[in-house]
Amino acid sequence: MDGSKPDRQPSNRNPRRWRLIRRTVIVIVVLALLALAASHLFALITGNDTLRAPENGVATVLTPLQTGFSSIVDAVVDYLRTLKLRANIETAYNEIKLENEQLVYQAMLAEQLQYELDVYKDLYGEISINESMNPVMATVISRSGGNYFSVFTINKGTSDGVADFMAVTMDGALVGYTYNTKSTSANVRTIIDSDASISALISSTRDQGTVRGTLGVDGSAMCRMYYLPEDHLPRPGDTVVTSGVGMGFPKGIPIGTVRESTRGMEANKSYVVIEPIADFEHIEYVIVLRYQPVAEAITSQDVSEDLALVPLETARPIPTIQIGSDFFQLAPTPEPTESIPLETTGVDGTVITITPTPAGGTDSIEYNVPNATEENTNPYGYTLPPTASPTPTVPPLELTVEDDAD
Amino acid sequence: MIKKGIQFTVLVFITYLLQATVASHVAIAGVAPNFAIAVIAAVSIALGRKYTFVISLAVGYMLEIMLPALDYIYLILYPVCAMLGALFFADKSERRMEEERSTGKKALRLPAHVRTMLCALLSILVFETVNLLYVYLSGIRPDMGHYGRALISAAYTTLLAGLLQFPIRRWFGIHRLKKAPEIS
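Order-wise, the sequence lines are chains A and B. If you number the first sequence the way the working numbering does, the last residue is 406 and the count never jumps. If you number the second sequence the way the working numbering does, the last residue is 1184 and the count never jumps.
A few of these clues could be false.
A few chain A positions that, by computed beta-carbon distances, are all more than 12 Å from chain B [unchecked claim]: (1) N100; (2) Y179; (3) V217; (4) M222; (5) E260.
Not everything, but these chain B residues come out facing chain A in the computed CB check (under 8 Å) [unchecked claim]: (6) M1001; (7) F1013; (8) L1017; (9) T1021; (10) H1025; (11) K1050; (12) M1062; (13) M1066.
According to the in silico footprint, chain B covers these stretches of chain A (three or more CB under 8 Å from chain B) [claimed, not checked]: (14) 15 to 26; (15) 33 to 43; (16) 49 to 59.
The set of hints was computed from the structure by calculation and includes no laboratory data. No residue lacks a Cβ here, since even glycine has one placed at the ideal position from N, Cα and C.
My request is simple: use the sequences and hints to build the entire structure.
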């Protein structure tokens, strides 16, 4: 056994005979094809329909065969086309998904940038209108995670002119004050911290007191205002601002609004609950008011007859109205202006001169609240004009009753 | 012989069906390949001139009566193209080879697979040339678009013949050389 295949047995068929048969078959086939071709050509040339009989017969055989094969090919092509379509759809889906992710990222980035822009615009506005307070913007770089104290750290320190007990504001509201100031950083104790104690006053009644945080008392991010006069009752919603007494705080920084009062209760629980304006949960950038009140030295204490009383400049001057020879004082005006005295004519023909005294200086020492006028605007963005006789907007429906024709 | 005859008959029908149904679906740049010429070229090298003539005439006849795009063209052109390709690239007869040996003539002997592709290329070039000539005689001046389509068709059909020759040769059992019986 050499592994090779066994030799074929020699065929007992006559090779010459088979060759003859094969040639005969080939000749017949060729002749048949030539005959078919000839009949087709003659049919085309002569237009004789009788000569089309062979090709009609071939077409009869081929038509169902071709129909079946064509349907198979169409099915295969449709399947392949479906696969291609799916692949295209998947590719398009992936591209759209990727594009969507990029757009979402860009939208998030744009939103973040818009937010930062708004923050910077607010900070810039707040800084620009309080330039006399020598403000500086600071970034919060860390904050305490405790439940009883609310302090954070900013990236400005003594090298930037920041000192202890300077007011820290955000969005036009008091956040706290600096302490433990270092060269490049400072800690800020917020007004909701229990250790914070700030002199304040209620803007409507000008009642002064002390605001303290309640975070360490009851865990709430609120403030309480103590030591208010007992004969005045603050109303809920009244704004509480800094009084400028003690520390280096400017006067008039909004702290919060009166939420409720516990007057009439026990003496040691007599306080007013203040809801802070500042959002202590989202403090990222703050403004440190490097305001330092300048104390003027008294040059002389001699009292002489030449001493003239000069009205002090107050932030809320009281204008005086002169009617004839009588003087009347009006309620404090929020924005005193040093303009030309107004003159008007009364009912009896007398000249009425309105002279705001004393005049407020341009360098106001009171904190200017940014967007203060916008806070009092209608939240809906429009104001309806008052109507003397309101009319219904929807006309009454005219109902008619038809009698049944029957 | 009967088996081969049946295989050949089936191949004829398959060739026609491929050309009639599949070719339009596999067009590249809008140009469909010529399955018939590709298969005929493979048959020319694998089975010889007689089979080439039969299959080209049969396929040409069927295309002529079933897809009569142009009168007489398919019926005449396919056998002409096939026989022209077979004339140059089909296996030579023993008598011809003996004649070359005796006269000392050295002819270029290319591999069968390469000759199949060259046969298909020659056939399709003749086919496309005749078609362009017919277009020109119809009053249309062929431009670069026509020539480009003709070249793409030639390249596509040649490539197709190079691919189809393998299953055809394997089906007919001529994909490998037969070993001579050993003499013990």
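Going through the hints against the structure:
no., hint, result
1, N100, "holds (34 Å)"
2, Y179, "holds (80 Å)"
3, V217, "holds (83 Å)"
4, M222, "holds (78 Å)"
5, E260, "holds (83 Å)"
6, M1001, "holds (6 Å)"
7, F1013, "holds (7 Å)"
8, L1017, "holds (5 Å)"
9, T1021, "holds (5 Å)"
10, H1025, "holds (5 Å)"
11, K1050, "holds (6 Å)"
12, M1062, "holds (6 Å)"
13, M1066, "holds (6 Å)"
14, 15 to 26, "holds (count 5)"
15, 33 to 43, "holds (count 6)"
16, 49 to 59, "holds (count 3)"
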